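Please put together the full structure from these sequences, using the hints given.
Those protein sequence lines, which keep their order, are chains G and D. The first sequence begins at 1 in our numbering and counts up one residue at a time. The second sequence begins at 442 in our numbering and counts up one residue at a time.
Among these hints, one or two may not hold up.
Said to hold, decoys possible - Derived, one-sided and incomplete: chain D residues facing chain G with beta-carbon distance under 8 Å:
{"#": "1", "residue": "D454"}
{"#": "2", "residue": "P456"}
{"#": "3", "residue": "L465"}
{"#": "4", "residue": "F534"}
{"#": "5", "residue": "V570"}
{"#": "6", "residue": "H576"}
{"#": "7", "residue": "V579"}
{"#": "8", "residue": "E583"}
{"#": "9", "residue": "E663"}
Calculated directly from the structure, the hints in this document are not laboratory data. Note that the structure is predicted; figures quoted are calculated from it, not measured. All C-beta atoms in this analysis are idealised placements derived from N, C-alpha and C, irrespective of residue type, glycine included.
Given next are the chains, with one letter for each unit.
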Amino acid sequence: MSLPEQAPGVRPRPFWSLRPKSDRDAGDAVTSNFLLHWFPAKVSKASMSWTYSFWLGTITAALFLLLTLSGLPLLFLYVPSVERAYQSVKDIEYAITFGRWIRAVHRVAAHGMVITVVLHLARVFFTGAYKNGIARNQKREWNWVIGVAMLLLTLFLSFTGYLLPWDQLAFWAVTVGTNIASAIPWIGPDVRELLIGGRAIEQATLIRFYVLHIFFLPAAVGVLFAYHMWRVRKDGGLARADRDELSETPRSVAVVPTKTYTLLGVARGTAPTVTARSLEAADTSVNAVPDLMRRAMIATLGTIAVISILAVFIASPLEEPANALITPNPAKAPWYFLWLQEIVTDTTIHLGSFTINGAFIGGVVLPGLLIGLLTVWPWLDRSPREATGVWFPRARRTQNIVFIAIVIGILILTYIGMELRGPYWEFFWPWETWPSVPGRI
Amino acid sequence: MEQRTNSPYPRIDRPMLAIIGVLLILSCALFFASDRAHDWRYYQATFRDQVAQKFGADRAAGVLTGVQQIWVADLGRADRCTTCHQATSWKGFEQADEPFRTHPVEPLKTHPVEKFGCTSCHGGQGWAVDVAEAHGEVAHWEEPLLSKTLGQEYSLSGNKGALLQMNCNICHRYDRETRGADAINLAKRLVDEKGCRACHTINNRGGRIGPDLTRVGEKAPEQYDYSRLSGQQTAFAWHVAHFKNPKALTTDSTMPNFGFNTEQAQALAMLVLSWRPADVPAAYLAGAPRTDTPTVEQLAEEERMRTGPGAWFVETGCSTCHSIQVYGVKSPAQIGPDLSNAVEDVQSRFGRTIDDFLREPTGTMSVVLSRQIILTPEQKAIAIQKLREAFAVYQKQQAEKQKER
Chain G
1 MSLPEQAPGV RPRPFWSLRP KSDRDAGDAV TSNFLLHWFP AKVSKASMSW
51 TYSFWLGTIT AALFLLLTLS GLPLLFLYVP SVERAYQSVK DIEYAITFGR
101 WIRAVHRVAA HGMVITVVLH LARVFFTGAY KNGIARNQKR EWNWVIGVAM
151 LLLTLFLSFT GYLLPWDQLA FWAVTVGTNI ASAIPWIGPD VRELLIGGRA
201 IEQATLIRFY VLHIFFLPAA VGVLFAYHMW RVRKDGGLAR ADRDELSETP
251 RSVAVVPTKT YTLLGVARGT APTVTARSLE AADTSVNAVP DLMRRAMIAT
301 LGTIAVISIL AVFIASPLEE PANALITPNP AKAPWYFLWL QEIVTDTTIH
351 LGSFTINGAF IGGVVLPGLL IGLLTVWPWL DRSPREATGV WFPRARRTQN
401 IVFIAIVIGI LILTYIGMEL RGPYWEFFWP WETWPSVPGR I
Chain D
442 MEQRTNSPYP RIDRPMLAII GVLLILSCAL FFASDRAHDW RYYQATFRDQ
492 VAQKFGADRA AGVLTGVQQI WVADLGRADR CTTCHQATSW KGFEQADEPF
542 RTHPVEPLKT HPVEKFGCTS CHGGQGWAVD VAEAHGEVAH WEEPLLSKTL
592 GQEYSLSGNK GALLQMNCNI CHRYDRETRG ADAINLAKRL VDEKGCRACH
642 TINNRGGRIG PDLTRVGEKA PEQYDYSRLS GQQTAFAWHV AHFKNPKALT
692 TDSTMPNFGF NTEQAQALAM LVLSWRPADV PAAYLAGAPR TDTPTVEQLA
742 EEERMRTGPG AWFVETGCST CHSIQVYGVK SPAQIGPDLS NAVEDVQSRF
792 GRTIDDFLRE PTGTMSVVLS RQIILTPEQK AIAIQKLREA FAVYQKQQAE
842 KQKER
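In structure tokens, the structure reads:
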């Protein structure tokens, strides 16, 4: 079989969908390909490492993709009305082909995304990756701020999704969550009213949360995500690459006898000898396609495979239909807000008949302070440039320890809230059994 | 092929990608399998075999396959029970084991399945298509199948399938007698005989001493106090124990112990749990009056007492609990002692005069006189006067009896 005419030096493989006939064709293919523009042409070997970034950002993006994909069929099946929502979820669970699995994928991926976003943030903090290197116009600190915004959006996305099944779990988790919001001084009750579209959690709340959940919040995440990725490229890739640049002196690199990308497309011949830092050197970098592409696929498809398998085995809960008259015992916020609920309890002080409500401290002051600090931290972090793109550098030891301490504190409070708080929010040790929940008959 | 870069990655990453490919295929297999793994597939195959054995392959070919559903728009019910219980409308499986038994024809004549579905009578979770979920024997489903098994769990005395009657009474609550609902009928008789309405409002008629029971059946199980109840912690178990001995569960209760036996207590518990708002269109309740009026005999009896010498006691409401035998006033409930000799009876019970007792009543009477029969000091004086008059008649009668002897 004779292959059609092609660009000189291009040896097509049987599975290639594109057979460029000229260098111009090949160049056009590069400039018109979305994925080739997502990635730089070359990527440093250091930033390819599995154990530097753990690819948490990619995994988070994969989860977001999976949430979008699994959300689409749910859009056709779920009815956002207080009369029908619960029923429609029951139908998704029992009657729709693959319905239970799709819902489980959506739920597991949603919880997974909250976890990976937080882990990604922690990774960036521990490696000081919000710090700029030596290249011009780097604005990594702003990408960190966008990241914090996306963390909040992710939590809000998850929280709005929580209400949609309109069961007791949903109703009361949102009740607890929005009550915490109402503890903001002066404007708290108005904030709550704005959130839930009235004074009680009703149809107005459901449609509000629904529209936020399926359109505005994902759109906002999508826009910020695009900007987040664009900034990563503008800032010269991962901070890890900057570190290599910092630690090496420029050296002359041999002539590269291969294609080179110019403004006019692909030019054949040799690139001129350049003085390069390690980022461009052939021995310290690889082509983004296929090496980076392949790893991104491993992370993305791996995430999809793991979530899809987990979804077969993890059933999504659906409690009794929402009932404003019956408070489930205990009523708990979604798990990622349980540390706040725990702080609210612990800072609520009873002095005789006098009660100081902890919602203001636990629900407003503390999380507000933490989020505020987190946002401005890149400007407060005065550690040297050398402490960028490396895990636990000596120069950032104190701040890393404080960060770990806060994270451990939050984890402990979350664990207490999840596992050790029984009926009436009473404390039970793990070896103590909770009183049984009574049934009707 | 020219070597573009010296990349170490393909050697490890390609096999890794291959493993992930395998994982993806595995996940597809898993979710396909999990979606197909439903109990109903087994039951449908078994039923088809049974039909083939009994009636031949031709009729077996007509057995429906796939999820079956009875959609009752009026009741908002989608009952998928017939997905497994395929024999319900087949003749010839009357003696078969469930889920392959023919449904008794009699109740279906008045309650066609297209109009009522399955779960409005039987309970359970109509949406679900797997055994445990459909029978409602799972967490977060408050309406379990009201089956014989559940009756056995509660050691129902008599008919083990009687729990089902609770659902009959959601629509039939105003009937004095419902055919086939023996336990509920027994309970309704007890309500009349024991005069529950002396203290409780039921169907918007009755006293104010105890809580209004008109909608007690919708009270959430969490809202009962189980601290003094041993064994099962359910609303039903609570009511059974409470009917047997009210004070054992609620120490400050003024409700008397009627000495109900187990069957009576269970029947009453079923009755009160059935008292919840019927979420059914008016057409389903056609013909039934939306209240339960007293019978003609009851009304005649009341009229007689109201015009007799004991009229004051009837009008004031004393006769709901107390008989006044000397005037021929007979209380339907007879919860309290006869008032004919209250003057000496109060003295012997409480060591106080009747005047003193009525001014500062204790026990049940303090509740009654503060909530239901509220008397001004003038009315109290009249009451004392009336009680003395009754006692005079009583003494006269006693003296006559003495003479006769």
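Does the nearest C-beta of chain G fall within a distance shorter than 8 Å of the C-beta of P456 of chain D? Violated. Min distance 10 Å.
Next item in the hint list is E583 of chain D. Is there a CB on chain G closer than 8 Å to its CB? With Cβ-Cβ at 5 Å, under 8 Å, it holds.
Against chain G, run the beta carbon of H576 of chain D and see if the smallest gap drops under 8 Å. 13 Å, violated
Is the hint on L465 of chain D kept, meaning its closest Cβ partner in chain G is under 8 Å away? 5 Å, holds
At a threshold of 8 Å, is the proposed contact between E663 of chain D and chain G supported by beta-carbon distances? Holds, about 6 Å.
Interface hint compliance - V579 of chain D to chain G, C-beta minimum distance less than 8 Å: Violated, about 10 Å.
Does D454 of chain D meet its interface restraint, that is, does its C-beta lie within less than 8 Å of any C-beta in chain G? Where the cut-off is 8 Å and the nearest Cβ of chain G is about 5 Å from D454 of chain D, the hint holds.
Does F534 of chain D pass the interface check with chain G, least Cβ-Cβ distance below 8 Å? 26 Å, violated
Min Cβ distance, V570 of chain D to chain G: is it shorter than 8 Å? 5 Å, holds
Checked against the numbered hints above, the structure violates hints 2, 4, 6, 7; every other hint is satisfied.
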